[in-house]
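J.: Just so you know, the sequences run in chain order S and G.
Take 1 as the starting number for the first sequence in the numbering used here and just add one per residue.
Take 1 as the starting number for the second sequence in the numbering used here and just add one per residue.
It cannot be assumed that every hint is accurate.
Identical chains blur together in the list; that is why a pair holds if it fits in one copy or across any two.
Said to hold, decoys possible - Restricting the straight-line Cα-Cα distance to at most 30 angstroms, the calculated cross-link-like pairs of lysine-lysine (DSSO-like) are:
#	residue 1	residue 2
1	384	423
2	27	2
3	178	423
4	366	384
5	178	366
By construction, these hints were calculated from the structure, which means they are not laboratory data.
Protein chains: 2
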Amino acid sequence: MKDVNVGICGLGTVGGGTFNVLERNAKLIAGRAGCRIQVSRVASRRHRSDIQLGNIPFSTDIYDVVQDPDVDVVVELIGGYDAARELVLAAIAEGKHVVTANKAMIAVHGNEIFEAAKEKNVIVAYEAGVAGGIPIIKSIREGLAANRVNWLAGIINGTGNYILTEMRAGRDFEEVLKEAQDLGYAEADPTFDVEGVDAAHKLTIMASAAFGVPLQFERAYTEGIGSLTPYDISHAEALGYRVKHLGIARAREEGLELRVHPTLVPVNHMIAKVDGVLNAIVVDGDAVGQTMYTGPGAGDEATASAVIADIIDVARSVSCGSNQRVPYLGFDTDSIVDHQILPMDEIRSAYYLRIQAYDRPGVLAKVASILSEHGINIESIMQKESELHDGRIPVIILTHTVQERQINQAIAQMESLPDVEGKVVRIRAENFV
Amino acid sequence: MKDVNVGICGLGTVGGGTFNVLERNAKLIAGRAGCRIQVSRVASRRHRSDIQLGNIPFSTDIYDVVQDPDVDVVVELIGGYDAARELVLAAIAEGKHVVTANKAMIAVHGNEIFEAAKEKNVIVAYEAGVAGGIPIIKSIREGLAANRVNWLAGIINGTGNYILTEMRAGRDFEEVLKEAQDLGYAEADPTFDVEGVDAAHKLTIMASAAFGVPLQFERAYTEGIGSLTPYDISHAEALGYRVKHLGIARAREEGLELRVHPTLVPVNHMIAKVDGVLNAIVVDGDAVGQTMYTGPGAGDEATASAVIADIIDVARSVSCGSNQRVPYLGFDTDSIVDHQILPMDEIRSAYYLRIQAYDRPGVLAKVASILSEHGINIESIMQKESELHDGRIPVIILTHTVQERQINQAIAQMESLPDVEGKVVRIRAENFV
Numbered sequence: 001m002k003d004v005n006v007g008i009c010g011l012g013t014v015g016g017g018t019f020n021v022l023e024r025n026a027k028l029i030a031g032r033a034g035c036r037i038q039v040s041r042v043a044s045r046r047h048r049s050d051i052q053l054g055n056i057p058f059s060t061d062i063y064d065v066v067q068d069p070d071v072d073v074v075v076e077l078i079g080g081y082d083a084a085r086e087l088v089l090a091a092i093a094e095g096k097h098v099v100t101a102n103k104a105m106i107a108v109h110g111n112e113i114f115e116a117a118k119e120k121n122v123i124v125a126y127e128a129g130v131a132g133g134i135p136i137i138k139s140i141r142e143g144l145a146a147n148r149v150n151w152l153a154g155i156i157n158g159t160g161n162y163i164l165t166e167m168r169a170g171r172d173f174e175e176v177l178k179e180a181q182d183l184g185y186a187e188a189d190p191t192f193d194v195e196g197v198d199a200a201h202k203l204t205i206m207a208s209a210a211f212g213v214p215l216q217f218e219r220a221y222t223e224g225i226g227s228l229t230p231y232d233i234s235h236a237e238a239l240g241y242r243v244k245h246l247g248i249a250r251a252r253e254e255g256l257e258l259r260v261h262p263t264l265v266p267v268n269h270m271i272a273k274v275d276g277v278l279n280a281i282v283v284d285g286d287a288v289g290q291t292m293y294t295g296p297g298a299g300d301e302a303t304a305s306a307v308i309a310d311i312i313d314v315a316r317s318v319s320c321g322s323n324q325r326v327p328y329l330g331f332d333t334d335s336i337v338d339h340q341i342l343p344m345d346e347i348r349s350a351y352y353l354r355i356q357a358y359d360r361p362g363v364l365a366k367v368a369s370i371l372s373e374h375g376i377n378i379e380s381i382m383q384k385e386s387e388l389h390d391g392r393i394p395v396i397i398l399t400h401t402v403q404e405r406q407i408n409q410a411i412a413q414m415e416s417l418p419d420v421e422g423k424v425v426r427i428r429a430e431n432f433v
Numbered sequence: 001m002k003d004v005n006v007g008i009c010g011l012g013t014v015g016g017g018t019f020n021v022l023e024r025n026a027k028l029i030a031g032r033a034g035c036r037i038q039v040s041r042v043a044s045r046r047h048r049s050d051i052q053l054g055n056i057p058f059s060t061d062i063y064d065v066v067q068d069p070d071v072d073v074v075v076e077l078i079g080g081y082d083a084a085r086e087l088v089l090a091a092i093a094e095g096k097h098v099v100t101a102n103k104a105m106i107a108v109h110g111n112e113i114f115e116a117a118k119e120k121n122v123i124v125a126y127e128a129g130v131a132g133g134i135p136i137i138k139s140i141r142e143g144l145a146a147n148r149v150n151w152l153a154g155i156i157n158g159t160g161n162y163i164l165t166e167m168r169a170g171r172d173f174e175e176v177l178k179e180a181q182d183l184g185y186a187e188a189d190p191t192f193d194v195e196g197v198d199a200a201h202k203l204t205i206m207a208s209a210a211f212g213v214p215l216q217f218e219r220a221y222t223e224g225i226g227s228l229t230p231y232d233i234s235h236a237e238a239l240g241y242r243v244k245h246l247g248i249a250r251a252r253e254e255g256l257e258l259r260v261h262p263t264l265v266p267v268n269h270m271i272a273k274v275d276g277v278l279n280a281i282v283v284d285g286d287a288v289g290q291t292m293y294t295g296p297g298a299g300d301e302a303t304a305s306a307v308i309a310d311i312i313d314v315a316r317s318v319s320c321g322s323n324q325r326v327p328y329l330g331f332d333t334d335s336i337v338d339h340q341i342l343p344m345d346e347i348r349s350a351y352y353l354r355i356q357a358y359d360r361p362g363v364l365a366k367v368a369s370i371l372s373e374h375g376i377n378i379e380s381i382m383q384k385e386s387e388l389h390d391g392r393i394p395v396i397i398l399t400h401t402v403q404e405r406q407i408n409q410a411i412a413q414m415e416s417l418p419d420v421e422g423k424v425v426r427i428r429a430e431n432f433v
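Please model the entire structure based on the sequences and the hints provided.
T.: Structure below.
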């Protein structure tokens with residue numbers, strides 16, 4: 001199978017992330033794609049001294065990438081509308097496949113770009129344009145392809161969701177926006193984020209993929225979150241609703257609804273529970289019902305994850321010589337490694353322990369000293385003298401992460417104490433950090 | 001492009017759902033797949049009078065499907081280990097592609113099946129085996145293909161999650177299990193679900209796709225939820241943790257952890273908030289960070305959604321004559337319909353209204369009568385005499401779903417009342433039902 005050569009246009013946040021992840025995970029990616037994927041040329045207005053390009057040719061003219069006969073896939077990461085459109089159309093004209101993270105360009109010029117690409121039989125992939133690292137375009141176009149989509153709704157701007165999450169504590173929009181800017185979550189000019197333009201770009205793209213309609217960004221309705229007050233947010237909560245800034249697309253017989261605006265959603269609905277800078281999209285399909293996709297909607301490597309998934313898709317589609325576009329387990333047979341499964345004694349976890357103690361002085365000290373002997377640190381401990389359980393005083397302990405063998409040895413020792421009755425309850429705990 | 005003929009083996013819950021969705025959405029699916037996908041043969045032990053097979057040949061011998069030269073894709077929905085394995089190997093030997101929902105068979109016999117399939121250059125697809133309608137296999141093998149997966153953790157048994165959710169209210173395991181059986185969530189023999197065997201099948205498959213290791217179900221550790229008590233569940237909550245029955249796979253230098261057991265997770269982590277019969281899987285990748293996939297893990301049409309997604313994948317891979325395996329917007333150009341985007345006046349939504357009223361008697365009656373005149377029903381209303389806001393008494397109303405034109409007309413009329421000050425606050429509300 002032939003190697004796939006990638007030319008990166010634009011070495012900003014996402015461009016740098018894409019380059020770094022392609023380099024760092026090169027072997028793993030080759031195992032998944034079934035061929036080597038290598039960056040063969042990079043062009044950007046400015047050189048970045050923090051990115052180690054090595055021998056890879058660099059130029060400041062992005063058209064050097066487009067005209068390089070060795071480049072198979074042009075990765076457009078320069079952003080903006082017109083310059084990006086021209087670059088992409090030029091790449092297509094040269095017969096290159098295109099991967100882009102540019103939601104604005106796709107939402108506004110997508111119909112023209114896709115038509116040109118179809119003419120030249122090249123792929124244009126844009127997963128990274130919507131919801132960063134969440135594979136939502138793939139889920140809609142492929143994973144949910146059996147479904148008539150009834151509607152989809154998304155928290156597709158992390159800045160806005162962060163602001164609304166903080167406003168639930170009674171804080172004003174302006175105050176939280178300023179904080180978000182200080183934290184780097186919000187741009188100096190936050191208009192695109194808080195007015196909903198960014199979300200409308202993404203919604204337009206998702207709606208077209210879900211319903212099979214041409215991209216019509218100019219018809220999307222957009223309303224921002226700037227006029228929301230903590231007063232209304234708390235009264236919505238009192239009614240059982242949470243305020244989220246949603247992009248909503250709904251199919252109705254008369255036509256499609258395509259709208260971005262603050263929205264009350266039932267507090268118990270799964271999308272109401274998505275807080276902070278996270279993005280999440282719910283898709284309601286006639287067969288599957290509601291599925292939700294949650295994750296980071298921005299960031300250098302999160303977005304790079306989607307850019308590279310698209311590059312791997314291109315490689316699998318054009319370079320794969322067999323029917324099995326995707327290998328059975330996601331990796332080429334040669335890349336399947338028989339990494340051993342660890343016996344349970346060797347796994348690492350934190351532990352919740354409940355020890356049923358007789359009401360004698362010193363039992364806590366004995367238990368703590370056993371844990372300490374086995375090198376087990378305590379995260380928290382709960383013992384209420386007043387709270388009898390089955391006639392005993394339970395000592396409840398949450399440990400730090402240790403090897404399971406250590407905790408089992410400590411438990412055996414505890415159970416042999418005369419102050420302890422019966423078995424120690426042990427439940428594993430994970431902090432997922 | 002050539003049509004793709006599907007032969008369905010097994011007409012139980014998922015088989016019936018698959019047949020019905022393929023029939024109902026035939027046109028839409030053809031638009032997505034780029035070719036017609038038709039059921040050309042069905043075999044099952046029993047005929048189902050509630051499924052309208054029409055002219056499609058039916059037999060009680062599943063091998064009639066395998067031996068039918070017109071069948072391109074054999075859909076294995078008979079379940080179990082050995083009979084299913086034999087059927088699938090026979091289908092592969094005949095050069096048929098295979099789509100299956102059988103997690104047990106893949107977890108236990110997958111290595112052998114994939115080897116046979118590779119030999120014959122046919123596809124074996126098994127999305128429906130893991131987490132029902134959630135496209136988690138596609139997300140791991142394709143959407144997250146750029147990532148070195150650090151770990152994944154899933155609520156992959158809906159019955160278990162339902163039981164644990166109910167136990168948070170202080171109810172006993174046995175009591176909730178009985179209720180789940182009465183509701184049809186749990187099988188008469190609940191062992192597979194509550195002991196974690198079902199979850200271990202799914203975990204084994206996800207881990208192999210995430211880490212590129214052979215399937216090793218026999219090495220997975222399994223611990224059920226039967227010994228959990230409401231007492232420990234509530235004390236875990238007091239410590240800031242929720243108890244979930246998780247399948248966890250983690251890559252460590254020494255080897256892989258592969259384990260299913262009750263687990264404390266921080267209450268603020270997104271997976272802690274997944275309640276009831278829903279499934280959810282979190283994948284932690286080195287580039288993307290944590291993404292989560294939530295939805296129904298079982299059900300006839302939810303699982304059929306995944307079965308058919310796999311069939312469409314096969315069709316796109318083997319029948320597609322161009323580089324664009326997946327059409328740009330997910331639908332063939334000929335199937336793109338210019339369904340109009342509705343003007344905002346014509347969208348339908350519920351509404352939160354806040355009306356700033358002077359403290360005069362009768363204002364509530366006037367507001368209610370305006371809403372009634374415009375055919376707008378009230379879902380709930382809040383007015384606290386004692387609660388002044390900006391020196392006025394706010395009337396807060398949540399309406400039922402109406403057309404936006406109606407609400408705008410009603411608002412204009414309210415704003416012209418002498419009892420109402422300034423603009424009426426209007427925020428849209430969605431119930432997502």
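J.: Hint by hint, which ones does this structure get wrong, listed from lowest number up?
T.: Number 5 only.
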